[in-house]
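Asks: The listed protein sequences correspond, in order, to chains A and B.
With my numbering as the guide, the letters of the first sequence map in order to residues 1 to 297.
With my numbering as the guide, the letters of the second sequence map in order to residues 1001 to 1453.
Bear in mind the hints are in silico, worked out from the structure with no lab data behind them.
Be a bit skeptical, because a hint or two may be false.
To be verified - Which stretches of chain A does chain B cover? Using the computed rule of at least three CB atoms under 8 Å from a CB of chain B, they are:
(1) 123 to 135
(2) 155 to 162
(3) 233 to 244
(4) 256 to 265
C-beta atoms are modelled at their ideal positions from N, C-alpha and C, and glycine is treated no differently.
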Amino acid sequence: MRAIRALRTNRLAYLMLLPAILLTLMVRVYPFLSGLRLSLTDYNLLRPQATKFVGLANYVQLLHDQRFWHALWITVIYSVTSVVISYVIGLALALLLNRAFRGRSFLRSLLLLPWALPVAVTAVTFRWLLNDQSGLINTILLNLRIIDEPIQFFATPGMAMFTVILVKIWRNYPFMMVSLLAGLQTIDQELFEAAQIDGADKWNLLRYIIWPALIPVTVILLILQFIYAVNDFETIWLLTKGGPARSTETLVITAYQLAFNGTAFGYAASITVVMLILLFFIGQFFLRWQSRAMYGR
Amino acid sequence: MQRFLGRFAGTVLALSVLLSGCAGTGSKSPQTESPPAASPAPSKTTQTPETPKEPVEIVFWDMVWGPPAYVEAANKLTEEFNRTHPHIHVTYQSTPWDNYLQTFVTAVNSGTAPDVSTGGGFQQHQLAAMGAIAPLDSIIEEWRNEGTLDDFLPGILEPITWEGYQIGIPWQVGAHVFYYRKDILEENGIPVPQTLADFDAAGAKLKEKGIALFSFSAGDMIGAHIMINLMLINGGRLFYDDMSPATLDPKNMEVYNLVADWVKKGYILEGSPGYNMETAARAFFNGQAAFLPHADRLPLSYAKDQPEVLDKIGIMPMPRGLDGQRYPSLRFVNSIMVYSQSKHLEEAKEFVKWWSENQLSLFTEGEIGALPVRKSFLADPFFDDWAVKFLTDEILPNTVGYNAGYPTFFPEAGVLEGSMVYKDLLQNLLLGKSPEEAANQAHNDLKQQTNLP
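Excised from the complex, chain B in its bound form:
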């Protein structure tokens, strides 16, 4: 009897462990999952006026768009939304940039995507191709009816569409710029370069003084942006009309040869191949290089406690191409998006609309380097700043995204960002590889990774 009881207990224990281990396994692939059905409205007969309604839970993953002050500002804004919208409760989660696309892809594929997120420029397109993004046309329609759609900068909404649907609401725009050391150029009698060709003369003079022409952040994604921006301002492009990679386009090859020439002449700071964005900026602040290609106002945030450094820094007008022509330079538009896996799509959209209309504090308190896409925000006295004025008046009006030449972004453009093909190309050039070899490697990698012709 005892033996029987012992065996019985053991079997029950084993089965209970087995069954608990099986709970919650399995996931649906995003393309087979149908959009969640809308929650039915509560029936009047089943709900009494006194019954407190639980607020709908929305999970919001927000990328780290600035220093800790940004996360603080975003948390505060979320609390305000929760306070003024008692029927919705948003849980804010700050999401790091490192491997961000993998984070979202994994979440989507495992059925654990958030309801709402902000993201990198092409993220909504890459995820829309997987069927993971919900259309936001209803929000656009509401703004149109309210007469507030014009608050957005012209041409900013259209690229964030996919197969005719609005798949993200842009909220910030950034541009790639050239910072320069006013003091170094003045001391050495070097005029601000007007064309890409003018950098050669500047580099020669600086080399005599033991100062590098450029500090490149070639060790992270800024390296890819540097390369692409140089290509675009020389009249180059990323994709042809049939969406095949334009890596080997003659205009782009001119830029690869130019960079290789700079390397050969010793114009690039030695540590550039391994620099991340902050180290490259610090080398520039330390006077080791006269020019720093970088993202909008981000470098200024690294030196905010060093006013003596900030006084010496300027942003130069975008140089013209080697042929003397002015071409659009690189810009980034980042958006907020809703996921089709969300069980509360209407509430998620309500949050997104409110967030877009009320997020000025993210810029005024959050120390973001990029600029808002709403004219009403840009009119705020906070943006009465030399860098902002220069960006909005001189740089942004003549910029284009990775979709250069196309009306919208597309998923393959996102591969450019994630795969770091152009960062690798820049590093290859900085390490002395021939432009032809570096370009061919980039071209083959891009073809392989995008499955394009």
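The following block holds chain A by itself, in its conformation from the complex:
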């Protein structure tokens, strides 16, 4: 009854919300349900008319597909490494920028630049910078005699992985920095003063005042950044296309390859559903951690 009364009272408000809700359903819910339906079929672009419902057969096949497990492992390495390192760098820079010093505004603007550049521009630029034939990095290192031969940034699995993670960190840290800086600026200065009077050193300030205050923003940041990292197609595709020899092929790259190059849309859709489940559990993990860290439960 209360709900109906509330609905009557706020009728106009709900009416105004209706277009946004419908749009959200159309661009989010419908594609998801469509992808879920596709994952239960053997849809192949070469023979679309022969599509049939196969139930969970695609998911069963995934369990036995070495390519899937390899891609899952690469996804874990890529997302965990890039998110953790960019968080640490972002936090360090945020702590630095939280102090007053000359040129702070200029430095902050400079540090934000990687975030402002489109992914395509970043990837093409790094491909040129790290090229062993004419790239700037190798040229400088060779001229300074730091190396005797060019570094092959894209030629081996290890170096290719290092390169894609490096570029991802370069793109990620500004967002971390800006968000954590905003979190730092909400901390009451009196807490620092009181702690310092009680003899707290920098490490104690970080551990007992700064870190607890940053937990809420940290959880949101990590959830978002893990989502972005797991779903990150452009960075890897434009740099290495998942190579060499699939050494940088994450789940999203595998799904893309299987769908658009291998024409196996149904099977590729099952990978994307698995990605969704993976991200759901990541989100749950961080939210529970936040609850325990802040409220002890």
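For this one, chain A is given, so just place chain B on it according to the hints.
Replies: Same frame as chain A, now just chain B:
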């Protein structure tokens, strides 16, 4: 009253936003869409002679077949068509190669395919399997009646058919070749290899001088072509007669073992697994490798401003297989096609016919690496060039496409190109994976992606 008016205005606003958001949604799947009906001829009673007729709009997606000069030449040619055909207006759109198949598949599935496009070698077959390509037999018939069908190189039209229909008009042909550094071989007393086995001796001598035998572009589609060409010139094949993948064929395994041997002996340039086609070519120009397997005349375009480099480069005769026999090498035939979604099929075909007959300028001004498929074009003085002569006289007469052994291309052959199975195989070999393991991975991937037995 005010409250009522306010609520009424709010409701109208909400509904108008909702209805505008719903406009234009939904798409038809290509297999359920029936071919568009032909536009009815204008009735004489409804049209006066003074009424200007709007030209029919045709959208033409053309792949990037060369440097910026090509796009310029193609735009110019389109303008000429529009000028000489006032009843048709073609809008030219240059389409990048990156993820090209996905671009077309998405367009077809969303009902936004162009009227006409050029495309990769098997694109018309892959899209024809989806019901997206219109037959072009009427154009072939017109040329036959005009007596100009013979202008096409022999055997070039037949592979571009599907279920008995002509689904594309070929317009250029390219071949995979081996470039070599004449100066490096001369300085080191190395003869041009005649067979695949001869590369071993060349590699050993070059290694002493710190020069790699090969610069491979294994990081992009050229890598797949390198692998497939090596397989074909050794007498291998891609599919068996029942269209099952021939990845594990003994002749192909010989090639995988050969490449693995080259890798083990350090004959391949270190950066090859990650090189794209231009970087691999630059390494070759810089003298870091003596041989560069690549696509027709494309590498020459990278060095066109370096005549001192161009003088040192040659194309070698295609080496014979490990058994000493000569087998056909890899070629590509690219076509122009019409989409069944087109609302103006006859006008689209008219454009395609004209484009095919008048596109010489795309080669003479567009700096394309591949060669035209018309004899009359090849007779133009522009093609009086050492690389062209070598390609047409020595290489092209003994080439075959991915359909090797079959009369036509088929959609599964296109999966070979798009899925990069053989590029992955080459990269695996270059990174030290055993030939058996690399071959099995490629075989399983191909079976899975083509749903073939």
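Asks: Run every hint past the structure and note whether it holds.
Replies: For each hint, the structure was consulted:
1. 123 to 135: holds (count 4)
2. 155 to 162: holds (count 4)
3. 233 to 244: holds (count 4)
4. 256 to 265: holds (count 7)
The structure agrees with every numbered hint stated previously.
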